[in-house]
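Peer 1: Sequence:
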Amino acid sequence: MSEESVHFSGSEISKDKTDSTDEKQVVGRKIWRIVPYLKRYWKRVLGGILTNGVARAFDLIPFIAIGMAADYYRDETFTNSTIKNFVSSEIFPEFGPMSSIEFGFGFVIVICFTFLAIFQGLSNQLWQSTAYMAQHDIRMDATNSLMNMEASYFETRQTGNLMSVLSADVAQLEDIISDASTSIIRLIMTFATAFGIMFWMSPTLALILFTPLTLIVPMVVWFSTRVQRKYRKTRESTGGIVAILENVLSGITVVQAYNATNFESSRIGRQSGDYRDQSIDAAFVRNRFIPGIYVVAGLSFGLLVSAGGWVMSTEEITVGQFVTFLLISTRMTMPMFILGLLLNQLQKGEAASKRVFAIVDLEPSIYDKKEAIKLDGSINSISFKNVSFSYPTSESNVLNDISFKASSGDFIGVMGHTGAGKSTILKLIERFYEPQNGEILINGININDFSIESVRKRIGFVSQEPFLFFGTLRENISYARDANDDEIRTALETAGAWEFISKLPKGIDTMVGDRGVMLSGGQRARISLARALLNNPDLLILDEASASLDAETEKRIQQSLFGRSSLDKNRITIAVAHRLATIRNSDEIIALVDGVIVERGNHEQLIENNNVYASQWSIQTGEISPQEG
6 MSEESVHFSG SEISKDKTDS TDEKQVVGRK IWRIVPYLKR YWKRVLGGIL TNGVARAFDL
66 IPFIAIGMAA DYYRDETFTN STIKNFVSSE IFPEFGPMSS IEFGFGFVIV ICFTFLAIFQ
126 GLSNQLWQST AYMAQHDIRM DATNSLMNME ASYFETRQTG NLMSVLSADV AQLEDIISDA
186 STSIIRLIMT FATAFGIMFW MSPTLALILF TPLTLIVPMV VWFSTRVQRK YRKTRESTGG
246 IVAILENVLS GITVVQAYNA TNFESSRIGR QSGDYRDQSI DAAFVRNRFI PGIYVVAGLS
306 FGLLVSAGGW VMSTEEITVG QFVTFLLIST RMTMPMFILG LLLNQLQKGE AASKRVFAIV
366 DLEPSIYDKK EAIKLDGSIN SISFKNVSFS YPTSESNVLN DISFKASSGD FIGVMGHTGA
426 GKSTILKLIE RFYEPQNGEI LINGININDF SIESVRKRIG FVSQEPFLFF GTLRENISYA
486 RDANDDEIRT ALETAGAWEF ISKLPKGIDT MVGDRGVMLS GGQRARISLA RALLNNPDLL
546 ILDEASASLD AETEKRIQQS LFGRSSLDKN RITIAVAHRL ATIRNSDEII ALVDGVIVER
606 GNHEQLIENN NVYASQWSIQ TGEISPQEG
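Residue numbers (the working numbering): 6 to 634.
Note that these hints are calculated values from the structure, not bench results. There's no promise every hint is true.
[Stated by the list, open to error] When the alpha-carbon atoms are kept at most 20 Å apart in a straight line, the in silico SDA-like pairs for lysine to any residue are as follows:
no.	residue 1	residue 2
1	379	449
2	390	603
3	390	435
4	432	472
5	374	472
6	560	454
7	560	603
8	432	491
9	374	593
[Said to hold, decoys possible] Computed beta-carbon distance windows for the label pairs:
no.	residue 1	residue 2	range
10	284	583	26 to 34 Å
11	401	223	16 to 24 Å
12	515	126	47 to 55 Å
13	459	289	54 to 62 Å
Quick caveat, the model's predicted, so the values are computed rather than measured. From the three backbone atoms N, C-alpha and C, an ideal C-beta is built for every residue, glycine too.
Produce the complete structure using the sequences and hints provided.
Peer 2: And the structure:
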């Protein structure tokens with residue numbers, strides 16, 4: 006991987022190793038990464054190039070006809086036999102004071118502009134459709150790359166920054182394909198065709214016109230070497246703005262509760278001011294480059310006009326051909342000015358492509374082995390054997406030499422103070438992380454030997470902070486799977502959620518709002534539990550799932566979970582809880598202190614031990630342990 010990911014105040018996603026050495030980089034390296042995406046649609050690309058080339062021909066032919074018409078009107082001579090044969094054809098009628106030949110010249114021009122419109126329209130359609138398809142492919146590659154990353158990646162990055170890359174930066178690449186590509190082709194075709202026509206008419210005038218234009222090359226080098234890093238910084242600043250805004254809007258209630266609107270406004274202002282300053286810097290360079298193009302163009306056209314009389318006196322060209330020269334030279338003016346805008350756009354694209362392809366190139370540290378097998382049967386047992394783990398951002402272990410086993414029908418409770426490692430155990434089972442030492446076994450086989458998808462398919466996971474997507478209750482409960490109303494109702498009843506949902510005017514078709522804001526914390530927890538139960542998991546993982554539930558609701562849910570059917574009785578349940586009443590009826594309770602198992606047993610045994618569990622039970626319930634009594 007050529008990218009080194011870093012986190013910097015929420016404003017950077019990645020930093021290219023060449024960032025410190027590319028001050029003098031002219032064209033850029035990353036923008037060429039879009040070429041493989043264009044190869045997928047090579048027929049459209051080829052069609053776009055060919056139709057653009059034909060359009061350029063029909064764009065310049067009228068100027069040849071105008072020059073020939075000037076010679077004909079002057080002394081009734083023709084300088085091109087092909088056009089002579091066409092305009093002298095008997096198919097053209099005389100029209101009032103106009104002869105058939107004069108009408109023919111006008112018809113040539115009308116036909117050329119008609120075909121110019123047709124072929125230019127075809128070229129634009131082909132390039133734009135290609136751009137939209139390539140944009141889709143790039144965005145999906147970046148999105149899939151992100152979704153395959155391990156949990157630790159997202160813990161060190163802001164969502165808004167990533168969203169900026171997937172939206173604004175990818176859109177910038179679409180502009181490069183649809184606009185910049187057509188501009189490049191138009192520029193090359195126009196210059197090549199114009200130079201060919203002009204050199205055919207008068208090599209002398211052609212060289213006089215084009216020689217000063219070589220001065221544009223060092224100007225391009227100067228522009229590119231100074232503006233690229235400035236544009237990259239503007240893209241990074243844009244991402245920073247989006248990241249802050251996403252945070253502020255998501256936490257607007259906290260912002261208002263703490264009277265922090267001025268504080269957040271200042272923070273956004275600083276980030277926006279950075280974007281403003283970087284943009285002004287880039288504009289300063291750009292606005293010195295484009296006027297230089299005007300100066301070079303003026304020099305070329307001035308020399309052309311000055312030398313025109315002398316060249317005509319040598320009879321190298323006719324008056325009409327000189328008119329053609331002048332008209333074509335004016336047609337070349339726009340591509341020259343487009344060059345300035347084009348380079349500006351390409352440099353923006355280079356900055357965007359660095360951010361986009363930094364994500365595309367991400368490589369997850371947790372992935373399926375080549376020889377990974379599919380977990381076809383049920384999960385009958387799960388074991389931790391001497392598992393130790395530390396988070397990437399921590400130097401000390403969160404878990405130390407953890408060992409336990411749960412089999413079908415077992416209910417395992419895990420307790421401990423904040424930071425003891427309770428939730429970490431659950432994350433390791435889901436393979437959000439992998440242990441540094443020890444192993445986790447499913448049915449006696451290392452969990453890493455199974456494909457991640459097949460294992461997670463058999464697990465129901467309820468997180469500590471239940472997340473609901475914007476949409477209806479039905480969409481959230483049946484998330485990523487097909488389920489009928491009866492199946493959804495059964496899951497809701499088991500999760501203790503059907504009672505309040507049945508009273509809603511639209512029932513399970515009720516909208517929950519962004520992140521489920523239309524529901525209470527307890528309601529969100531029950532919906533999240535129903536989502537986990539819908540698939541009849543072999544292993545149910547509960548991470549403080551009952552923290553926001555009242556005691557009565559929690560009791561009903563436990564009765565539903567552990568006494569409804571043979572399927573429920575065969576299910577393995579592992580629950581993490583601060584509130585010990587949640588895990589009181591566990592077959593085994595594991596007590597953690599600083600990532601170490603200090604005691605284990607059922608409720609009665611642990612009360613009898615009068616250790617960590619008993620102490621916490623006494624604090625929470627007011628009950629006195631046996632020894633204290």
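Peer 1: Now look at each hint and say whether the structure bears it out.
Peer 2: Comparing the hints with the structure gives:
Proposed proximity of residue 379 and residue 449 is supported: the alpha carbons are some 15 Å apart, at most 20 Å. With a C-alpha separation of about 16 Å, the suggested pairing of residue 390 with residue 603 holds against the 20 Å cut-off. For a cut-off of 20 Å, the pair hint linking residue 390 to residue 435 stands: about 16 Å separates their Cα positions. Between residue 432 and residue 472 the CA atoms are separated by roughly 16 Å; this keeps the pair inside 20 Å, and the hint holds.
Under the criterion of a C-alpha separation no larger than 20 Å, the hint pairing residue 374 with residue 472 is inconsistent with the structure, at around 30 Å. Of the pairs offered as hints, the one joining residue 560 and residue 454 is violated, with about 38 Å between alpha carbons and a cut-off of 20 Å exceeded. Straight-line distance between C-alpha atoms of residue 560 and residue 603 comes to about 28 Å, which puts the hinted pair past the 20 Å bound. Taken as a hint, the residue 432 and residue 491 pair is broken in the structure, with Cα atoms around 31 Å apart against an allowance of 20 Å.
As the CA atoms of residue 374 and residue 593 are separated by approximately 33 Å, the hinted pair breaks the 20 Å bound. Look at residue 284 against residue 583: about 50 Å separates their beta carbons, and that is not inside 26 to 34 Å. For the pair residue 401 and residue 223, the supplied restraint of 16 to 24 Å is violated, since their beta-carbon distance comes to about 58 Å. Between residue 515 and residue 126 the C-beta distance comes to about 48 Å, which sits within the given range of 47 to 55 Å.
Checked against the given bound of 54 to 62 Å, the beta carbons of residue 459 and residue 289, roughly 57 Å apart, stay inside it.
Taken one by one, the earlier hints fail for this structure at numbers 5, 6, 7, 8, 9, 10 and 11, listed in ascending order.
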